[in-house]
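> The chain contents come next:
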Amino acid sequence: MSLAMLDAVCSMNSSRLQMPGIGYALREQNRYILDDPAINAVEITFERADDPLRIDRYLGDREFDHVGIHALKLSVASPDAPGHNYLETLLAIAEENDAESISDHLGFTRDAHHGVEMGHFAPPPFTPAALDATCRNIDFVQTFFGRRDRRFYIENIAYLFQFEGTMTEAEFLWRVLRNTGCGWLLDVTNVYANATNFGFDPYDFIAEVLPAADRVQIHLAGGFFDEQAGMYIDSHSEPIPEPVWDLYRHALDQSRSKVDAVFLERDQNYPDERGWRREIRQVRAIAEEICSPR
Amino acid sequence: MITLTSPPRETYRDQIQRCAQTMALGYVEDVRPFLAHGEKIEHVKLFTDGNLDKRIDKVLDQVELLKPVFEQLENLVSEYILEVPLAAYDSGCSDGDRFLRWLSLTQVATPEQQDYITCQLARHEVEHIARKNRLGHVRFQELRSLTERLKEELGTNPKLRVHLNPIRTWTTFQTTVLLDEGATTPADVMFFACRNQIRTSAFEETGRYFVEALASHGPLTLQDWKRLDRSVSRGELMEFCLDAAEMGFVAFG
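Top line first, the protein sequences correspond to chains A and B.
Mapping to numbering that gives the first Met the number 0: the first sequence position 215 is 214, numbers consecutive.
Mapping to numbering that gives the first Met the number 0: the second sequence position 33 is 32, numbers consecutive.
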């Protein structure tokens, strides 16, 4: 689709149904295009905004219809609840930037409060014990954030291996959402990556989990297939691949009344200005198309 | 009698501890018994290698200052991360900080190298103090934004108080490698926050005396300061305050 056509789609404002906020996960490399007409939402990665010397609001003077804070270290599948200091700092960043939602990943990054950090989230074993710990921690987090009116979303992660378990990822996630009532940060690319790497149908996965989620946010990104490892790697380094666009369209179509925001993530091989604008406009164009009255 | 320990919960804790502790250092064999049927240990290795690579990059970024004086810095960081796991809730500079302490313990540093380590540790300390005292940092910087205008009133407004930047730390350099030409050593150096930057200032005896006096008295007017310390003249105090305000570690309000 040409930029001119995308512009035309972006300017259509006819009686939209539940249009989600659309925007980027904020990086210094895309800050300059945040005034693009396709963007009315933004996601702040907590660890990037958490500069102890900060004076100014991370978003500066910019206002958005939806601001989400995305955290990396709540480690909700750890045996212990997240630490109070981390939660307080997270909330402070949310309040400074008028964020209405906070999200993190369905996995564990550490073992215990005074233990070690792995640096990235591993999937929990899909077992009742892990489910119990995860739901307990999400309840704890939601109670903490809920007092200040912040909704919490849990993101399905891309993983490279699985622990022995007694249920599927979809069943585990369904139970987490149903038991806790938290929102689902549906990372479409992660569903695609796991489906590619572990041999399940990504459409079935979304169909199975979606009924358990009251509210939804969506993540989109592009990775690559690592021939040596024989796996799709969710590297956030490439344009969104066609199968992910298709899956995004499907996810929106299935859940459009629930989707609060769609965020596009890019962390390496940053595109030029045209590339930044083209991809986010395509995200919006698809949402406009799906959410317009039929 | 009801038992308070839940066996599945403790078993789960054991599993997560064993997996996290081993994966944090890049070792994967202990994970093997917990993997799903058909899973390859190479994929766990891919996960841990990726994490360790990112950690190396982050630590190198945090100790960039040391690059000119430690030729094998990257190798040293690689050695460090295989010995010392990342601590839970590591935030910002704490991993870099631990690396510097590890470096001091495991390597024989020249006095010049040691000054670089000291300098980087002091910078981290400023960030640490700012994290613990966010309100103090923000309030002082707000006051500082008024200081350019208020400094004109320093000699005439009897209510104007002098505030010392609360986000500061002292260290001592043993060599001149990081000091201006002609500086004497050992030199007392103050690191302090200035907006979202860290600045440094080397002090001779009088300057340090003024800073410590201000630190112990708290915010006070020039008149009160003079009353508390009769050994210095009003002119000397004013000169110090104006210079310090210019540098960013004193504000008026």
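Since the hints were made in silico from the structure, they are not lab data.
One or more of the hints may lead you astray.
Claimed, not checked - With the Cβ distance kept under 10 Å, some of the chain A side facing chain B (calculated, not the full set): (1) Ile32; (2) Pro36; (3) Ile54; (4) Leu58; (5) Arg61; (6) Pro78; (7) Asp79; (8) Phe107; (9) Arg109; (10) Pro124; (11) Ala132; (12) Phe160; (13) Met230.
Glycine is no exception: its CB is placed at the ideal position from the N, C-alpha and C atoms.
> Next step is simple, just say for each hint if it's right about the structure.
Hint by hint, here is what the structure shows:
1. Ile32: Violated, about 23 Å.
2. Pro36: 31 Å, violated
3. Ile54: 5 Å, holds
4. Leu58: The hint is violated - Leu58/A has no Cβ within 10 Å of chain B, the shortest such distance being about 15 Å.
5. Arg61: 18 Å, violated
6. Pro78: With a closest approach of 4 Å, the Pro78/A hint holds.
7. Asp79: This interface hint holds because 8 Å falls under the 10 Å limit.
8. Phe107: Constraint on Phe107/A satisfied, holds at 6 Å.
9. Arg109: 4 Å, holds
10. Pro124: With a closest approach of 7 Å, the Pro124/A hint holds.
11. Ala132: Result: holds, 6 Å to nearest chain B Cβ.
12. Phe160: It holds, given that the least Cβ distance between Phe160/A and chain B is near 4 Å, below 10 Å.
13. Met230: 7 Å, holds
Consistency with the previously given hints fails for numbers 1, 2, 4, 5, ordered from lowest to highest.
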